[in-house]
Structure formats: structure tokens, C-alpha cells
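S.K.: So the chains spell out like this:
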Amino acid sequence: MSAILSFIPLLVVIAIAVLVVRKISNKGLSSNSTAQPVRLFFQYALTLGLFITFTVGLAGLFGRLLGSSKDVVTDQSSLASNLAFVVVSGPLLAWLLNWLKKSIARNPSEAAGFIPTFFATLAAIISLLVFLSSAIAVTYNLIDGAPSLGYTSARAIVWGIALLVVLRISNSVIPKDDFRIQYFVGSLITAIAAIVGLIKVFANLLSVILSQPMFLGAQSPALISTRDNSLDGFGTLVIAAALWFYYWNKNANTKTNDKMWLTYVLVAGVGGSLVLALTSLTVTIYQTLVWFVGDPASQVVAEHFDGAPAAAASAFVGLLVWWYHKSLLTLNSQRSETQRIYEYVVSAISLMASTVGIAIISVAIIEASTSSIIVGDDAINTLLGALTVILVSGPVWVRFWNRIQSFAKTSEQEELTSPVRRIYLFLLFGVGGIVAIVSLITVVFQIFNGILSSTFGNSTLNEMRFALGILISTGIVAGYHWEIYRHEKDLGVFWFLD
Amino acid sequence: MSNQRANRVLAIVVAAISIVALIAVLAVKETTPQLDANTPEGTVQQYLQAVTTRDFDSAITYLASDTKCKLEDFDQAYLQDSIRISLSDTSITGDSASVKVSIENSNGDPFGGAYTESQAFRLTKSDSGWKISGIPWPTYQCGGEFK
Chain A
1 MSAILSFIPL
11 LVVIAIAVLV
21 VRKISNKGLS
31 SNSTAQPVRL
41 FFQYALTLGL
51 FITFTVGLAG
61 LFGRLLGSSK
71 DVVTDQSSLA
81 SNLAFVVVSG
91 PLLAWLLNWL
101 KKSIARNPSE
111 AAGFIPTFFA
121 TLAAIISLLV
131 FLSSAIAVTY
141 NLIDGAPSLG
151 YTSARAIVWG
161 IALLVVLRIS
171 NSVIPKDDFR
181 IQYFVGSLIT
191 AIAAIVGLIK
201 VFANLLSVIL
211 SQPMFLGAQS
221 PALISTRDNS
231 LDGFGTLVIA
241 AALWFYYWNK
251 NANTKTNDKM
261 WLTYVLVAGV
271 GGSLVLALTS
281 LTVTIYQTLV
291 WFVGDPASQV
301 VAEHFDGAPA
311 AAASAFVGLL
321 VWWYHKSLLT
331 LNSQRSETQR
341 IYEYVVSAIS
351 LMASTVGIAI
361 ISVAIIEAST
371 SSIIVGDDAI
381 NTLLGALTVI
391 LVSGPVWVRF
401 WNRIQSFAKT
411 SEQEELTSPV
421 RRIYLFLLFG
431 VGGIVAIVSL
441 ITVVFQIFNG
451 ILSSTFGNST
461 LNEMRFALGI
471 LISTGIVAGY
481 HWEIYRHEKD
491 LGVFWFLD
Chain B
1 MSNQRANRVL
11 AIVVAAISIV
21 ALIAVLAVKE
31 TTPQLDANTP
41 EGTVQQYLQA
51 VTTRDFDSAI
61 TYLASDTKCK
71 LEDFDQAYLQ
81 DSIRISLSDT
91 SITGDSASVK
101 VSIENSNGDP
111 FGGAYTESQA
121 FRLTKSDSGW
131 KISGIPWPTY
141 QCGGEFK
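In order, the protein sequence lines correspond to chains A and B. So the first sequence is residues 1 to 498, counted in the working numbering. So the second sequence is residues 1 to 147, counted in the working numbering.
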């Protein structure tokens, strides 16, 4: 009885809150007052909160139904919280949805704009994330033959249904163009999951090949192997690829060449995959060079290359995804703005990677000439790492920058007055310049510090090696792009994209 | 390249990798040669076989008679289900030997990567063959003494 009585203050607070919201809501309907966005915000935020608690509670109860027979210890408090979530959130959610339905019927503009799109997108993305992770966990459990499947299956089923409901309701009320953004976010999430799955599958294949006696298996034969060649990656790949097909091919990719599509393809598709490919390729080549030329940490070939299958698979998948997104861009014989953006994005990414390489080389050279390391001399590995970065990224930058510069010569007016080129130059000169100035201040500080404390010498040079390395590399980049900008700054730029 | 063609090429490449990988992981099973049980590496292999199948009663029989390791020490040891142990090096000096192995464990990253640790087993020759001395992997503490 006392437990029931303790709910009375809470119910009073809820009743007051509801009355206040209704009052604001009625005012908002009678006139287009400034209270409407505030009311809409709380209305949608509360709906999202109730949707999450209701779905969590329902998934918990359903999980108990499916998996309780395997439980060794029954957790009564989680049952109580799940019951509370469903009993309280369920009716309130139904009432709020009904209220929203009536509001939208009276004033359809309430379903458009930032607030409804934001909360509907958030609900759809949360549902997608929980469904995706739960569905992948179910496949893992199925493959591994795990005895307890109830809770993860229940979560996958309930959140899968919740995702369908959110998509159905949102698509029916929110304007199509407003809600389109969630398909791009969904495409990104599912693409990342599918890439992880494909890398795992390909890495497994490479591991199987490399463990054969004719390759790495010969040097260190297995004494024991309880390892089943993992099928986990397949589950991730199949589920994520199916969802990606729905999000990307059936929705986001149906209307191409608008700003949202172009931003996604260039930044996430081309840019993201290029970073993955360049990084993984660098790691793969670095491991190989360290084994043959450098100072490997282990003399056992299988130990040294144990991360190689994953790195090589990541490089291949990164290149595949880069090629796919590049193919979607309409690169015609006549140079379009899309083509220009693509070339400048690739050029910027590869140049930044090469700049890091130059900085590391400078650090390694200063380190080798100034320090006297007694144990753990791995300057050769640092140098190899830097050379690998330049070896992988340098040719990409040279190829794309030469192409850009050849257009700058043949179609001077069009290329030099492009806002894309001007932004590229500003970014590289500006960011490079700022970093160079910060490094210069650091270097000068260390010189003064050394002189004033009478410790100036080899150790000072060694201490400032990182700042000096960054100063050299970013100084070269900033200086080069400043020189180009200096010759072009008088040309007028049209600050809009076609 | 058209949208459809790019999709088709992507689907073909992903399907090809998946099919080849599926065949490889199902068909290729890593074989482990059975070493001579009278050699140090053969003794280590038999000990490790017992350990990885969690047959600790059997595992303890490969330890030297003065071992401080008990069944409880093995119960407390951490062992991954999926493991690969390879022979790195063996050296024999009279009645004592050292067997070095590389143990590959899953590192739990999303790409299915692994980390490798090196472990050495010290063995002494007795009347009943080679026996493992000290605190051997996967135990780290035996009879209150740490490795």
C-alpha cells in the first residue's frame, strides 16, 4: 500500500507537466506564437524518450520469455524495470502519438522542419544501431553454437520491428526530402559494418592461405590448434550488406548529384575509403619492409606477420570501396565541378599523409644524429615507416596534382577561378601555415630556453626534433601553396557551385 | 561508369571473395603433426593438448614430480577457446631442455585480429621421460609462488 502511495507525488508532477504542455499547445494552435517550436521540441523529445524506454522494456520482457529457461539466476529487478518501462511508457507513448497525429492533421507543417526530422532520424538511427548489433550478435551465437540465444534474439526482433514502425510512420508524415538524411546516416552505419564484415572474411581467407606449410606454416608448425576458421565475418557481412542495400541502393542513391548525395559520396565514400586504403596499405608494406630491411620485434615470421592478413584485407577493401564511390561520380570528358572536387579531395588527403611522412623522416634524421640510445634503437623502423607513408601517398598526390595542374594550364580561366581550387589553396596554405608558426614558436622557445639555462647543445636539438620535423614539412607545404596562390590571387572567383 | 554497373561489379567482387573464403574456411583444416612423445617438444605438445581440452588431471601428469602446481591452479588459469600454438624453438642440453612456443590468441578487435605471445617450457629428463618443471603456461601461480 505504501508503495502505491509513494507514486502519488510523481503522478501529481506528471499531471502538472501535462497540463502545462497542453496549455502551451493550445496557445500555439490558436496563434503562431514563438512557443510552438518549444512545444514541438518537448513533444517530440518526450515521444523519443518514451519510444526508447518502451522498446527497451518490451525487448527485455520478450527476452525473458524466450531465454528464461536457460537462466541460472533470475534477476527480478530487471524484470521490475522492464515491466515499469512497458506499463508507464506504453500508454503514454500511445497518448502522445495520438496527440501528435491530431496536431499534424490540424497543421501539417508541424511534421516538417528541423525538430520532427531530427527526432525521427534519431529514433530511426538508434533502432538501426540496436537492431544491427543484436542481429550480428545472434549470428555470432548461432555460428558458435551458443546455448543462450533468447535475449539477443528478442532484442533483434523487437528493435527490428521498432525500426520498421519508425520508418513507416516517419515516411508517411515527414516530407520525403527532410527525412532523406536518415538514409545517408543509415548508409554510412551499414556500410561501415559491411566493410568490417568483408575485411574479416577476406582476412580469414588470407590467414588460411598463409598458415599453409608452403607459406608461414613451414617455419612454425602448429603444436595445437583449437581454432575453427571463423565464420563470424559472414554474419556481419550478410546482415550489414542487406541493410546497406536498402538504405543506399533503394533510397539514398536514387537521387544523385544533389548536395547531400555529393557530400556523402565525396567525404564518406571517396575520402573515408581512401584514408582506410592508404593507412592499411602503409601498415602492410611497413611490416614487410621491417621484416626484410628493418629491426623486427620478433624473429618468428608468423609472429611478426600476425596482423598482416587484417591489414592487407583492409587495404584491398578500402581500395574496392574507393573505386565504387569514385565510379558513382559522373566524371565526363568535360571537367565538371564534381570531378574537380573529387580530384582536390584525393590530392589533399594524399598530400597530408605525405606531409606526415616528411615530418617523421626529419624526426628520424635528427634523432639519429643527436641521440645516443643505449637500448631499443629502432630509428631504422621509424625511417621505414616514414618512407612507406611517402611511398604509398606520394604517387597518389603526384598523379592527382599533376592532372589538376595540367587543367590549370589548358583551361586556365575555368580552373583558376574555381572556388574549389581557392578553398584547397587556402586550406593547405592556411592550416599548414598555422601549424608551421606554432612549430616555429616551439623551436624558438626551446632555443632560448637552452641558451638562457646554459644547456644549449645536442640535447636541445633532440628535444625540438618533433617541432622541427613538423616545421620543415608543413613549411614546405604552406610555402608551395602560398607561391601558387600568390600568382592566382588577383583572379576573381565565383563563390558558388554548379 | 553507370550506377548499375558499379553495383554489379561490387556485388560480383564481394560474392567472389565470400564464396572463396567460405570454401577455404570450411574445407581447409589446419593439420597438427603428432610429435614423438619421448622428445621434449612431444611432451610439451601432449601437455598442451590436455590443457586446451581442459583435461587438467591429465595435464598435471606431464609436470615434474616436485611441481607445486595443483589442479586448482589450472582451474584459475585463463584459456581462450580459440587458440593456435606453434613450435618456435627447441634446445636440449644433457638432461634439460627448453621448448619455446608462440601462442596466438584472438585480440577481440572487430577485424578478427590476433596477438601472439611467446612462452618457454623448461623440461628435465627423468626415468619416466621428459617432465615440465617450474610454473608452466597457462598457470601463473602455483602453491603461492608466482611465475
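Derived from the structure by calculation, the hints contain no laboratory data. Treat each hint with caution, since some may be false.
[What the hints assert, rightly or not] Capping the alpha-carbon separation at 25 Å, the derived lysine to any residue pairs in SDA-like fashion look like this:
#1 B:Lys68 / B:Ser133
#2 A:Lys102 / A:Ile169
#3 A:Lys255 / B:Ser133
#4 B:Lys100 / A:Val208
#5 A:Lys326 / B:Val9
#6 A:Lys101 / A:Leu46
#7 A:Lys326 / B:Lys68
#8 B:Lys100 / A:Lys326
#9 A:Lys259 / A:Val208
#10 A:Lys255 / B:Ser2
Computed from a predicted model, the values in this text were never measured in an experiment.
S.K.: The structure should be examined with respect to each hint, and the outcome stated for every one.
M.R.: Results for each hint:
Using a Cα cut-off of 25 Å, the hinted pair Lys68 of chain B and Ser133 of chain B holds, with the two alpha carbons roughly 9 Å apart. Among the hinted pairs, Lys102 of chain A with Ile169 of chain A is consistent with the structure: their alpha-carbon atoms are about 14 Å apart, no more than 25 Å. Restraint check: the Cα-Cα separation between Lys255 of chain A and Ser133 of chain B comes to about 70 Å, which exceeds 25 Å; the hinted pair is violated. Using a Cα cut-off of 25 Å, the hinted pair Lys100 of chain B and Val208 of chain A holds, with the two alpha carbons roughly 23 Å apart.
The suggested pairing of Lys326 of chain A with Val9 of chain B holds, with an alpha-carbon distance near 13 Å, which does not exceed 25 Å. A C-alpha spacing of about 15 Å is found between Lys101 of chain A and Leu46 of chain A, which places the hinted pair at or below 25 Å, so the restraint holds. Proximity of Lys326 of chain A to Lys68 of chain B is assessed by CA-CA distance (about 64 Å); at most 25 Å being required, the pair is judged violated. Only pairs whose Cα atoms come within 25 Å are accepted, and Lys100 of chain B paired with Lys326 of chain A is rejected, the gap being roughly 49 Å.
Distance check on the hinted pair: Lys259 of chain A and Val208 of chain A sit about 44 Å apart at the alpha-carbon level, beyond 25 Å; violated. For the given pair, Lys255 of chain A sits about 14 Å from Ser2 of chain B by alpha-carbon distance, which is consistent with the 25 Å threshold.
Of the hints listed earlier, those the structure fails to meet are numbers 3, 7, 8 and 9, in rising order.
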